[in-house]
Each structure stands twice: as structure tokens, then as C-alpha cells.
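So the sequence lines, in the order shown, correspond to chains A and B. Residue 23 in our numbering sits at position 23 of the first sequence, and the numbers go up by one each step. Residue 151 in our numbering sits at position 109 of the second sequence, and the numbers go up by one each step.
If you are wondering where the hints come from, they were derived from the structure by calculation, not from laboratory data. Even glycine gets a Cβ: it sits at the ideal position worked out from N, Cα and C. Among the hints, a few may not be true.
From the structure, some residues in chain A lie toward chain B, with a derived Cβ separation under 8 angstroms [as the list claims (entries may be wrong)]:
(1) A9
(2) Y11
(3) A14
(4) L17
(5) L21
(6) L23
(7) Y26
(8) A32
(9) E33
(10) A35
Label pairs and their in silico Cβ distance ranges [claimed, not checked]:
(11) B:W157 to A:A34: 45 to 53 angstroms
(12) A:Y26 to B:A236: 31 to 39 angstroms
(13) B:A73 to A:Y26: 20 to 28 angstroms
(14) B:Q225 to A:R31: 40 to 48 angstroms
Far from chain A by the CB rule (all over 12 angstroms, computed), these chain B residues [to be verified]:
(15) G78
(16) Q88
(17) K89
(18) S150
(19) W163
(20) L178
(21) E187
(22) I199
(23) V203
(24) N207
(25) G224
(26) F254
(27) A256
(28) R263
(29) A273
(30) R280
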Amino acid sequence: MNPWPFVIAAYAVAILLTAALVLWAYRSMRRAEAAADALTRK
Amino acid sequence: MHALANPARFLRFARPATNWLLWVGLALALAGMIAGLTLTPPDYLQKDSVRILYIHVPAAWLGMAGWLGIAAAAVSQLVWRHPLAAVAGRATAPAGATFAAICLLTGSIWGRPTWGTWWEWDGRLTSMLVLFFLYLGYIALAAAERERGGEGRIAAIYGLVGAINLPIIHYSVLWWRTLHQGQSISISGGSTIAGSILWPLPLTMIGFSCLFGAVVLMRIRAELAETKVEARLRRMSR
């Protein structure tokens, strides 16, 4: 059995899920901090 | 730890730390994965499928370390009433659940060419799946408690009770010798894997750990900002 399709699939899963987690955390942080800053400036 | 109890002081530390952890984590994780895919030799028995090691092992470590962090935050909250402990617990759970999921999925993909099966109800696999479900339960419980204005004590107790699963995962390969291989890497006792194959692993271990830390800090910062907005809106509505 050629192992490379399994290796590529495993790396794709790890990279996609990690990237999704980091992007979600970053965007929710930016959104929340922007809302807090906007309210402070009012 | 108590020096960071003040949210303003915590943010002075967290803002630069988030950037450092994110960029160092990305660089190390990418370097480790590229090295693991291109610079190491195939294993004599598993051939190229051994390369899944460089993502599977960090994911397993972070899945377990995440729950250890939740348990430590729970102790800090219940014993010392640390004001950021409940926030830290809630911030750790999504990252821990994601890495537990990555561990389960990459393990399953590794199992097909190596064992000839995607899944087996073996002690290690089953206890890791239980950990993933524990994370989902914690996320739902902590979110519901926060929505009702609670202090997060029920979620903290759940986090402590769930920590019983960590030694079960760790010792499962010794207690039930089924399909999953025994411990091959130990901090104290060295490794049974050849150095020529093993060397990129510390890069991905440290890299993904830094990314995990960056995500936790980002979640804490988001929750602190949301709390600030909620408090201000409450004051304005009076």
C-alpha cells in the first residue's frame, strides 16, 4: 500500500484544523478588542 | 501567577507574548513539518507513513496538556480564587479539543496503512476519544454557566473530575496491550526511535505548543474585551 496519500491526508487535516483554530481565535480577539476600544472612545 | 491576576497587568504581558508565540510557533511548526516530510529517511518497517509522527505526537501531547491546563486553572479558581482562572480554563478548551481531534484523525489515517484498520476500540484510542468528548462537554457547560452569569465553579469541578482520564490515557498502552504501540519516547528514559528519524519532532512539538499558547492568549484577550464591553453597556443602560 502506497503510504503517501495517507501522509498527505494527515498533514492536510493537521494544517487545516490548526489554521482554522488560529484564524478563529485571532478574528474573535480582534473583533472583541475593536468593540471595547470603540466603546472606550465614546 | 498572582502577579498576572490584574487584567491590565495581564494584558501588558499578553499582547507582545501573543505575537511572539504566534510567529515563533508558525516558523518552528512549518520547519519541523517540512523537515519531517523531506529530510528524514523512511522507517524500515512503516516506510513513509512514519512521517505522520511529526504531527500526531504534538497533537496528542497538546490534547492532554490542554486538559492539564484546565485542571490547573480549576485548582487556581477553587483554591486561590484567581480572577482569571475561569477565563483561562474556557480559553484553553477549544484549543485542546482541536488538538485532540487532530490526534484522533491523524492516528486513524496512520492506522489504515500500518494496522490495516481506521479504528480499533483499543485502550489508547478509546481513552483519547473520551477526552475529546470531555472537551465538548466542558465547552458546552462553561458557555452555559457564563451565559447564566455564574462564576464557572461547576465547569471547574468538571475539569478536575475529567483529569482522571489523563493517567488512563498515559498508562493505557501498559494496562491494555492491544493494537496501539507502547511508549517509544520518554523525557527521562530516552527514545527507541532512531535519532535520524526523531530530530524534527522537537521542532513540531515546540512549534505547535507555541501556537497553542498563542490561541489561549488570544481567547483570554477576547473574553476580557467582551467582559469590558458588557460591563460598560450595563453601566450605560442604568
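Here is what the structure says about each hint:
Given hint, A9 (chain A) at the interface with chain B, holds; its Cβ is 5 angstroms from that chain's nearest Cβ, closer than 8 angstroms. Taking 8 angstroms as the C-beta cut-off, the interface hint given for Y11 (chain A) holds, the closest approach to chain B being about 6 angstroms. Proximity of A14 (chain A) to chain B holds as hinted, the smallest CB-CB distance being about 4 angstroms (cut-off 8 angstroms). Hint status for L17 (chain A) relative to chain B: holds, with the closest Cβ pair at about 5 angstroms, below 8 angstroms.
Evaluation of the L21 (chain A) hint against chain B yields a held restraint, the C-beta minimum of about 5 angstroms falling below 8 angstroms. Proximity of L23 (chain A) to chain B is violated relative to the hint, the smallest CB-CB distance being about 10 angstroms (cut-off 8 angstroms). Here the hint on Y26 (chain A) is kept, as its CB sits about 6 angstroms from the closest CB of chain B, short of 8 angstroms. Against a cut-off of 8 angstroms between C-beta atoms, the interface hint on A32 (chain A) holds, since the closest Cβ of chain B lies about 4 angstroms away.
The beta carbon of E33 (chain A) comes within 5 angstroms of a beta carbon in chain B, closer than 8 angstroms, and the hint placing it at the interface holds. The beta carbon of A35 (chain A) comes within 5 angstroms of a beta carbon in chain B, closer than 8 angstroms, and the hint placing it at the interface holds. A beta carbon spacing of about 49 angstroms between W157 (chain B) and A34 (chain A) agrees with the range 45 to 53 angstroms that was offered as a hint. Checking the proposed 31 to 39 angstroms range against Y26 (chain A) and A236 (chain B) shows it holds: the Cβ atoms sit about 38 angstroms from each other.
Range check, A73 (chain B) to Y26 (chain A): about 21 angstroms between beta-carbon atoms, so the 20 to 28 angstroms window is met. The hinted range of 40 to 48 angstroms is satisfied by Q225 (chain B) and R31 (chain A), whose Cβ atoms lie roughly 43 angstroms apart. Remark: the non-interface label on G78 (chain B) conflicts with the geometry, its nearest Cβ contact in chain A lying 9 angstroms away (cut-off 12 angstroms). Once the 12 angstroms rule is applied to beta carbons, Q88 (chain B) is inconsistent with being away from chain A; the minimum gap is 8 angstroms.
The beta carbon of K89 (chain B) is not kept farther than 12 angstroms from every beta carbon of chain A, the shortest such distance being approximately 5 angstroms. The beta carbon of S150 (chain B) sits about 9 angstroms from the closest Cβ of chain A, which is not more than 12 angstroms, so the claim that it is off the interface is violated. Against chain A, the non-interface label of W163 (chain B) holds: every CB pair exceeds 12 angstroms, the least being about 21 angstroms. No beta-carbon of chain A comes within 12 angstroms of the beta-carbon of L178 (chain B); the shortest separation is about 15 angstroms.
Annotated as non-interface, E187 (chain B) keeps its C-beta farther than 12 angstroms from every C-beta of chain A; the closest such distance is 19 angstroms. Non-interface status of I199 (chain B) relative to chain A is upheld: no Cβ of that chain comes within 12 angstroms, the nearest being about 26 angstroms off. The beta carbon of V203 (chain B) is kept farther than 12 angstroms from every beta carbon of chain A, the shortest such distance being approximately 26 angstroms. The beta carbon of N207 (chain B) is kept farther than 12 angstroms from every beta carbon of chain A, the shortest such distance being approximately 21 angstroms.
Every beta carbon of chain A lies more than 12 angstroms from that of G224 (chain B), the smallest distance being close to 21 angstroms; the non-interface claim holds. With a minimum CB-CB distance of about 9 angstroms to chain A, F254 (chain B) fails to clear the 12 angstroms threshold, and the non-interface call is violated. Not every Cβ of chain A is farther than 12 angstroms from the Cβ of A256 (chain B); the closest lies at roughly 7 angstroms, contradicting the non-interface assignment. Not every beta carbon of chain A lies more than 12 angstroms from that of R263 (chain B), the smallest distance being close to 5 angstroms; the non-interface claim is violated.
Distance to chain A contradicts A273 (chain B) as a non-interface residue, since its nearest Cβ pair spans about 10 angstroms, not more than 12 angstroms. At roughly 15 angstroms, the least C-beta separation between R280 (chain B) and chain A is larger than 12 angstroms, which holds for a residue marked as non-interface.
Going through the hint list in order, the structure does not satisfy hints 6, 15, 16, 17, 18, 26, 27, 28 and 29.
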